[in-house]
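Enquirer: What follows is each chain in one-letter form.
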Amino acid sequence: MDAFSEIDPIQLAVTAGQETFRAWASDVDARNRFPHESVEALRRLGLLTYFMPRANGGPTDFATYCSIAAVLAEECLSSALIWAMHCQQVAILVDHGGPEHKHVLDEVERTGALVASVTTEAGKGGDLLTARAPLLPEGDGVRVRRVAPIVSYAEYAAFFLLTMRSAEDRHEHDVSLVLVTREDAGMTVTGNWNAMGARGTRSVPVTFDLLVDNNRVFKKPFRQIAVQTLIPAAHLGWSAVWYGAARGAFRRFVRQLRQPENKFRAQLQSDLFLSRLADLRVSLDLMDSMITRAAARIDSLRHSNADVASYENITLHISLNNVKIAASRLAFEVVDRLIELCGLAQGYMKNTALDLERVFRDLRSATLMYHNDRLLGANGKLILVENSGAEAIWRRPDGLQPKT
Amino acid sequence: MTSTRDAIREQIFDLLRHRLRLRQRQQDLTINSSLEALGLDSMTAIELLLDLERTFGIMLPDALLTAETFRTPETLEVAVRSLLEAKG
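Here the protein sequences come in this chain order: A and B. The first sequence stops at residue 409 when you use the numbering used here, and every number in between is there. The second sequence stops at residue 687 when you use the numbering used here, and every number in between is there.
Looking at chain A on its own, in the form it has when it is part of the complex:
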C-alpha cells in the first residue's frame, strides 16, 4: 500500500489518471454511477492515505495535495472530487482525531476504506459552521439523529464525519464532529443523485439514526477543526480539482492543434484564434497562482505548528474564500469559452476526444458547491473590519471547553 516513499505521488496520480480515470470517465457519467475502477486504482496505488504520516517519509503537504487533485481532475472530475473530499476527512482524523478515531486511519491504510463528510442540513442555509440537530445523550452513549440532503459517495463510504449541535441546550454555533461507521447500522440513503454533472460523486440524501459511544465525538470544537483543517483543505482541494478539469480540457485541445488532420489547422494562422487561445491560458495561470500561493501559506502554518488563532486571521479567511470563488468561476469560464472556440462539432457533442461537454456540465457545479454568494457575503463583512482591531473579536476563543 505504501508506494509514496519510493515514487513521486504526483506521478502515481498521472498513472491513475491516464490508465484508469480516462478509460471510465464517460461511462461513469453516462450511467450516473460511482467510479469503482478509478477509486480502486487510487486504492491500489496507495493514494487514499494522503495526509497520513508515513514511517519512511513521503509528502503530506497541501501543495502536493493540490497538484495531485489537479492531475486526477484532468481525466475525471468526479473521481478527483471523491479523492479530494476523502483526503479532507483523513486530514481531519490525522490532525484532530483521538485514540478512538485511529482505527479509521488503520482501515483506510489497510483496505482503502473511504471516509465521507456530512455537513449539509435542511434549513440551515448551507452554513458550514452551524448545525441544528443536536447530539442526544442516551444511556452510556449518544444518539445521532440527522438528515443530510447531500452526502458525496455515501453509498460507498465506510466511515462518516458528521457535524452536530453539541447538545440540545446549546446554540447552533456550538458544533461538534462525530464519527459514525457503516457498521453502526443506522444510515439510510433516502434518494438519488441525478445531477447535471459531477455525476460520479453520487451525492445522495442520507438519514442517520444510531447510537454511538461518547468517545466517537471529537473533543475539539468543530470550529477549530474547520478553521485549521477542513476549510483550507476543502477550498484548496476543490479549487485544484476545478482548475485541473479546465487544464485537462485545454491541454487536450492544444495537443491536437498541430496534427495534420486537425480541423483547426487553418485557424492556426489566425491571430484572432491564437489570441483567444492565449486568453484562456491567462485564466488557467490565475487559478494556478492563487491555489499555489494559498497552499504555500497553509503549508507554512502547518510546518510551524501554528496554533488555531493563526488560522483565524481575517486576511487568510478572505483569501481562502477567494481561491474558491475565483477557481469556481474561472474554471467553468475556460471550458465555456473553449466550447465557443471549438464550435458545435468539437465542443457541443458528447463523447468527443476532447470531452468538453461533460467537463462543462461537471464544472457548472463549482460556483454552487458551497454557494459563492455565501462566501462573498462573508468576505464583504470581513473586508470592512480587516486590519482593524476587529481581529480581537474575530479571533477570540470560543469559550467552548473541550469535551471531557
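Please note that a few of the clues may not be correct.
Calculated from the model, a selection of chain B residues having no Cβ within reach of chain A, i.e. all distances over 12 angstroms [to be verified]:
1) A606
2) D613
3) H617
4) L639
5) I645
6) T654
7) G656
8) I657
9) T665
10) E667
11) F669
12) E673
13) S681
Covered by chain B, per the in silico footprint, the following chain A stretches (three or more residues, Cβ under 8 angstroms) [what the hints assert, rightly or not]:
14) 42-53
15) 382-393
Read the hints as simulated data drawn from the structure, not as lab findings. None of these values were measured; they are calculated from a predicted model. Even for Gly, the Cβ is constructed at its ideal location relative to N, Cα and C.
Following the hints, position chain B against chain A.
Expert: Same frame as chain A, now just chain B:
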C-alpha cells in the same frame, strides 16, 4: 437623561435579539447575559458591530474592538454611550 439611557439600552437589546435570533429561539436576555453563551460567534460579532455603528452613527475605535466590549449587553452599552458622549 434616564429616558435616553433606556432608549439606548432598548435599541441595543433589539439589535441583539435580531442578531442572535432570540425571538425564534424563544429566549431573551438580561443586561448581564453572556453573549457568547447566547450564540455570539465571530461572524455574528462583526455583524453586530456593523449594526451598532450604523444604528448609533458611531465608529468603534480599535481600542474598543475587544472581546470584553462584546461580553454582555452592559459592556456594549458602556462602549456605545462613551462614544455618543464623546460625539456630544
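Enquirer: Under the constraints set out in the numbered hints, which ones does this structure not fulfil?
Expert: 4, 5, 9, 10, 11, 14
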